[in-house]
Each structure stands twice: as structure tokens, then as C-alpha cells.
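S.K.: Protein chains in written order, with our numbering: chain C, 18 to 323; chain G, 156 to 275; chain U, 69 to 354.
In short, the hints are calculated from the structure, not lab data.
Please read these numbers as outputs of a predicted model, since none were measured by experiment.
The beta-carbon is built from N, C-alpha and C at its ideal position, and this holds for glycine as well.
Be aware that one or more of the hints could be misleading.
[What the hints assert, rightly or not] Below, simulated DSSO-like cross-link-like pairs (lysine-lysine); rule was C-alpha separation at most 27 Å, straight line:
no., chain 1, residue 1, chain 2, residue 2
1, G, LYS157, G, LYS179
2, U, LYS160, U, LYS200
3, C, LYS297, C, LYS44
4, G, LYS157, U, LYS160
5, U, LYS233, U, LYS124
6, U, LYS160, G, LYS236
[What the hints assert, rightly or not] Heads up, incomplete: computed chain U residues facing chain C, CB under 7 Å, no partners named:
no., residue
7, GLY85
8, ASN112
9, LEU115
10, CYS171
11, VAL213
12, GLY242
13, THR264
14, THR277
15, SER294
16, ASP296
17, TYR302
18, GLU306
19, ALA323
20, TYR324
21, GLY327
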Amino acid sequence: MKELVIISGKGGTGKTSLTAAFCHLAKQAVFADCDVDAADLHLILNPDIRRSETFVSGHEARIRPQDCTGCGTCRELCAFEAVAPATAPEGREIFHIDPFACEGCKVCVQFCPQQAIDFSPAECGQWYRSETRFGSMVHARLHIGAENSGKLVSLVREQARLVAQEQAANWLLVDGPPGIGCPVIASITGATAVLIVTEPTLSGQHDFERVAQLCRHFGIPAFLCVNKWDINPEQSETLSRCATENDVTVLGRIPYDPVFTTAQLQVQAVTEYAANETAKAIRQLWRQLQQQLASQPDQGKRPKGD
Amino acid sequence: MKIAVSATESTLSTPIDSRFGRAKQFLIVDTDSNALAVLPNTQNLNAAQGAGIQAAQNVVNAGVQAVITGNCGPKAFRVLKAAGIAIYHCSDRSAGDAIKAILSGTLQPAESANAESHWS
Amino acid sequence: MVQTDPFVLAVASGKGGTGKTTLSVALAQVAGAPLYDCDVEEPNAHLFVRPQWQDKQDVTRRVPLIETELCTGCGACTELCQFNALIIVGHKAMVFEELCHSCGGCRRVCPTQAIHETDVTIGSVSLGLSAKLTLVQGCMAIGQVMAPPLIRATRNYHHNVPPAKLAILDCPPGTSCPMITAVRGSDFVLLVTEPTPFGLNDLQLAVETVRQLQLPFAVAINRADSGDRRVHDYCQREGIEVVIEIPELRHVAEAYSRGETLLEALPQQRQLLQNWLHQLCPGGLA
Numbered sequence: 018m019k020e021l022v023i024i025s026g027k028g029g030t031g032k033t034s035l036t037a038a039f040c041h042l043a044k045q046a047v048f049a050d051c052d053v054d055a056a057d058l059h060l061i062l063n064p065d066i067r068r069s070e071t072f073v074s075g076h077e078a079r080i081r082p083q084d085c086t087g088c089g090t091c092r093e094l095c096a097f098e099a100v101a102p103a104t105a106p107e108g109r110e111i112f113h114i115d116p117f118a119c120e121g122c123k124v125c126v127q128f129c130p131q132q133a134i135d136f137s138p139a140e141c142g143q144w145y146r147s148e149t150r151f152g153s154m155v156h157a158r159l160h161i162g163a164e165n166s167g168k169l170v171s172l173v174r175e176q177a178r179l180v181a182q183e184q185a186a187n188w189l190l191v192d193g194p195p196g197i198g199c200p201v202i203a204s205i206t207g208a209t210a211v212l213i214v215t216e217p218t219l220s221g222q223h224d225f226e227r228v229a230q231l232c233r234h235f236g237i238p239a240f241l242c243v244n245k246w247d248i249n250p251e252q253s254e255t256l257s258r259c260a261t262e263n264d265v266t267v268l269g270r271i272p273y274d275p276v277f278t279t280a281q282l283q284v285q286a287v288t289e290y291a292a293n294e295t296a297k298a299i300r301q302l303w304r305q306l307q308q309q310l311a312s313q314p315d316q317g318k319r320p321k322g323d
Numbered sequence: 156m157k158i159a160v161s162a163t164e165s166t167l168s169t170p171i172d173s174r175f176g177r178a179k180q181f182l183i184v185d186t187d188s189n190a191l192a193v194l195p196n197t198q199n200l201n202a203a204q205g206a207g208i209q210a211a212q213n214v215v216n217a218g219v220q221a222v223i224t225g226n227c228g229p230k231a232f233r234v235l236k237a238a239g240i241a242i243y244h245c246s247d248r249s250a251g252d253a254i255k256a257i258l259s260g261t262l263q264p265a266e267s268a269n270a271e272s273h274w275s
Numbered sequence: 069m070v071q072t073d074p075f076v077l078a079v080a081s082g083k084g085g086t087g088k089t090t091l092s093v094a095l096a097q098v099a100g101a102p103l104y105d106c107d108v109e110e111p112n113a114h115l116f117v118r119p120q121w122q123d124k125q126d127v128t129r130r131v132p133l134i135e136t137e138l139c140t141g142c143g144a145c146t147e148l149c150q151f152n153a154l155i156i157v158g159h160k161a162m163v164f165e166e167l168c169h170s171c172g173g174c175r176r177v178c179p180t181q182a183i184h185e186t187d188v189t190i191g192s193v194s195l196g197l198s199a200k201l202t203l204v205q206g207c208m209a210i211g212q213v214m215a216p217p218l219i220r221a222t223r224n225y226h227h228n229v230p231p232a233k234l235a236i237l238d239c240p241p242g243t244s245c246p247m248i249t250a251v252r253g254s255d256f257v258l259l260v261t262e263p264t265p266f267g268l269n270d271l272q273l274a275v276e277t278v279r280q281l282q283l284p285f286a287v288a289i290n291r292a293d294s295g296d297r298r299v300h301d302y303c304q305r306e307g308i309e310v311v312i313e314i315p316e317l318r319h320v321a322e323a324y325s326r327g328e329t330l331l332e333a334l335p336q337q338r339q340l341l342q343n344w345l346h347q348l349c350p351g352g353l354a
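Start from the sequences, fold in the hints, and give me the full structure.
M.R.: This is the structure in C-alpha cells:
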């Protein structure tokens, strides 16, 4: 099984649309949406959820109003400005913890003279195992304001790997998160290869350099696809040069094409919806990736670098 | 001497798991008695943060004097060093062969971490 | 920005790449208001503003420092720490600053007062000036992961920022901690989206977020004619005002790729933005 992670650094470069097209083109594949903060792959793959699980991570402090004397120790000690004044039902001045601001450090719980603060495991999201018209899929949704530490991303990937193993799949295709932080690292470590989808803009260039460095850090073979290359051919050239300097193999490029949006509106992958030049370029890109990855060892047959 | 090796399977002929913090398990080998024990590392496989640190602490608690692994990040390296454990970087042979290489002095302990921090 | 207490307009989006930075820069230009780039992991506003940097301050946070002579290795700190930032090795506590959330709990719980605090740099806040614009930029140092304290420092930076009645915040994308830290405490949130299924999905998450935070908000639709009416319909159904629409034009995308601003590519947008800002914050325009 080969695991390909598609990332972009910057958002909005067409990463998810391309991932969906690969899901359409790949034979015997399993899919994972690791962009748990703004998951969109399901909008094309239209999954039928077969199993749903709660994702619990860290703890959350909650003051029991009946036991709070309003002494204010918690407010004084909280480093995250999460404690605010509140009024108890019987009119007493007490305190309340804003769950959006609480980081679950337990300091208030530890030092509350009345031991009036509960500390229960925090539900941070949901994850799902689903079936789609192209194959099985694992995806998730992080709750609003939850910390995206990479833990849910790791969980989604791990579950998707299990599914891929069960099915003896050829491919695990992972839609990765944006940025260069923990979630991205959690989504690429130990993968067969990474495809970076970039647009030829100054911002795209800026963020590409950062993700390329990240791939090199982890010794993961990386490939570049420039999307909307023709909106700035010169910048596309600069990107390709920059890729070569960063040991990133330059693969096909894709023109600026409204078909990305049209296909999305039809709940279809670009290659499913269209047969135009853009769709051909994507099919060509997928062929190139297959060839390039054919020489890489399969997952599970070698110790993975992590 | 007690040695911990990160490994993908539970036998000495198994290849070294190149990961330390997220290794599947550690083989704990007592080279004096030839006793072999397996220290699972399962909880760390899924830990988002501090996997290397936790793994290092488990290995320290197992009372080993040396660790063999493919890649050891800076945080785990610090823990192992503070506990006075020698770290050997090696991933191109089996666990058993790596132990032999240490005993024969052909494998030298590492001076520093050889993997980048995961920033996590 | 505290000294004059300006009206704070946060520009945010659930999804990245919707034109949040483009719009933030244009709004700041139109209003003559200072722009705070709070997208500290990928600050990109400077690519369009091209400022002369005037000042740069390191941002630090407090992390524990162990006085080893006093540490008995009792483990009270490791037991309290929820972030695995402390462990006991060889009967002494050891700190992993990268994992520390700076809660101060270990120092308070230590029975032998062996834990002090020290500062680590997590990034910087810079002040830049261009011909007409003041830019305050937060930038996270590579290898750091704690964005919220840096976002707070960026928002609260006021040294040498000319007094203004309005301030614009370019917020991190998403709906997790960094986005919340940036939009919290602002006076109004402008959510930027695209008229596509992805744009709609991510807009709905962002709307849910700002509603829970009880912040007033409106929507801006970028590439407004590129998809379909679902975003418009959703906004209408939910009683959300669509205040800005920017058309989909290839030359705008090309201009963006070269680092040109929206107002350079579409000068006619100026009046529209001005009218809306005037409604939102009368007297806020310089």
C-alpha cells in the first residue's frame, strides 16, 4: 500500500479538488480527510457514514455554581483569561469558565479552596468511517474552538491505514491540512510521498518554501503540482526552480479553469465531470505520480521514518 | 548490559524500527543473561504530543544502559542523556546484529540527536 | 491600539484562500486604518503592503526553569502538568518548553520552590509603514507551535501605531484556537467566503463560531459570480447580511499573483468598501 498525502501550505489552491480527482482515478484506494478544521472532501465524495465516534482529548474545567464562593482564586491564577464573573441562580456573585478560552491546564482545579471545579475529559470532535462511490473513507470534524494539536489528524490517518490494510488496498490518499504546524506534521510523517499543490502567487511561493522544508526535514519524497499555472507563467517558473532547489520533483501543471468550481457544484470530481484539457492534465499528473511512486517501497514493508 | 532496541517485531532478527517515539515496541535485551523482553510502545503511537519523551521515560524506567534506534529527536535525546543512557543510531540491520555491533565496539554512540523535532 | 480604543473589525474565514488578506488590505487602505496581520503562521499581508519595517519586538512567554539543587524529584509538577511538558529523569524534573502552555501551575505546586520562570521567544511583532498604511505583523518563529499568545501580543501592539478610530485584523483561517483568539474581543467580524460548496461549508462553521462568541458579523463573497447562489441563499435564510461582493475576474487573480492589491486591480471597489465602512463605523475613516 502506498500512502500519498496532498498538502498545500496555503489554503484555496485546489488541493481538495485534486485529491477528489485522484480518489476517482485510483484503483483500490482508501481515503482520509485530515483537514479536520475545514474538512471539504466529503462534499465531493458524498460519504455514507457507517460509523461515528466521539473524539476526546484533554480536559475542560467547569465551576459548579452551587459550590463556588466567588473568592476569585481561579480568576487570579488563570493564565488564559478564561475566568469571568457570573451570577449564581440565587443572585450570588460567582465565577464562570469560558470553554473557548480554557486550555485545560488544571491550575484552577488544583488551587480552588472549595474544590468547586470539575475537570472532565473534553469532547473535541467526531470521526467517521464511511463508504463512497470510489471507496472507503475516514474523516472527522473538530469541534469549534478545539485545539488542533494533530491528535485527531493522527487518529484519522491511523484508522484509514487500518481500513486500507483490511482491504489490502493499493493506495491511501490523504487530503492534508493547510499550514506548516502540528496538524501537517501529523499528516505527513511516515507517508510514502507528499504532493504539494501550489498556485503561482507570491503567497503561494512563500508558503511552498515552508512546506518543502518541512518535507525535507522528515525525509519524505515530495512532488510539486502548480495549479492555475497560466495566471502567472513567470511565477510558475520561479516555483519550479525553487522546487528543484528544495529537492522537490516537479510534476504536471494545471491551467486556471472554472471547471474546478463547476464540478464541485455538481458534487463530482473534476475528472468525473469533465474530459477537457484540465481533466487530461490531472489524469496525466496521476499517471506520473503512479510511475514515480512505483519505485518507492510499500508501506509496512519497511520501517517508516518518523 | 541492558539494551533497548526499537523494533517492528518481537524477535532479534527483526529490522530496527527507524522511529523512536512512535516505534511499535522496544526489545529489552540483557546481554549478560541473553534474556529478551518486549516493552510495548502502543500508547505512544497515538499520542500527538511528547511521544518521544514518553517513550524515553519508559525506556529509562526499564533500566537500560543503551538504546538503539534509527532516528532520535532532540527531546528524547535529552531525556536519555540525562539518565546517562548511550544512544546508538542504526537502521540498516537487524536488532540482533546491531547489538553485536555495540558489543564488538564497531557501532559508536551518538553525540547528538539525528532527527528534527516534530514541533509537537 | 489600546490607547484610543478603536473599533476593531476582524476579517476571518473558515477556509483558507478565500481572499481574506486581499480584503483586509483593501479595507485598511480605504479607511486609512492600521492593519494587524494576526495570521501569525503564514503572515502574507506584507507581500501586498510592502512596508518599510520600523520596529520589531520579540514576543516571549514564561516557561518553567528548574533549580536542580532544590528539586527533590517528587513529581508534583509532572502530576499537575496536562501537557507532558515536565518529566522526572534521574530524580530531577526536566522541562520541555515546546510543550508548555505557560499556565504557571508547576511553579505554584512545587513544594520546595524549585521552579522559577524564564522567558522564551515565540515570535515577533513588527511595525511597518508604507506610503499610506500602517501594518502590525505577528510572525511565529519556526519551530514554535503556540500561536494564541503571539496573536494576543499582535492585537495588543500599539507602540508607535498612530491613533485611529478603526483597526482591521487579518485573522488566521479555520475555526480552532488561533481564529478564536484573533476574533475574540473585536467589535465586528467580516467573514470572507466563496460561492462554492466548499466555501459554503466552511462559512457555516465560521458563522456557528462567531454566533457562539456572540459577535456581530456580516459576510463578504469573493469571486461572487464564479459558483452558484447557495451561499447567497444560505445568508438570506439565516438573516446574514452580504455586505461586499467581489467579482471573479481573471485579471484580478493575475494581479494578486504579482502581489498587487485589490484596489489596484479593481479601483471601482473603493467606493463600495468606503460606503460599507462608513455605515459600520461612522467616523472611522481617516
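S.K.: Output the numbers, in ascending order, of every earlier hint that fails for this structure.
M.R.: 2, 17, 18 and 19
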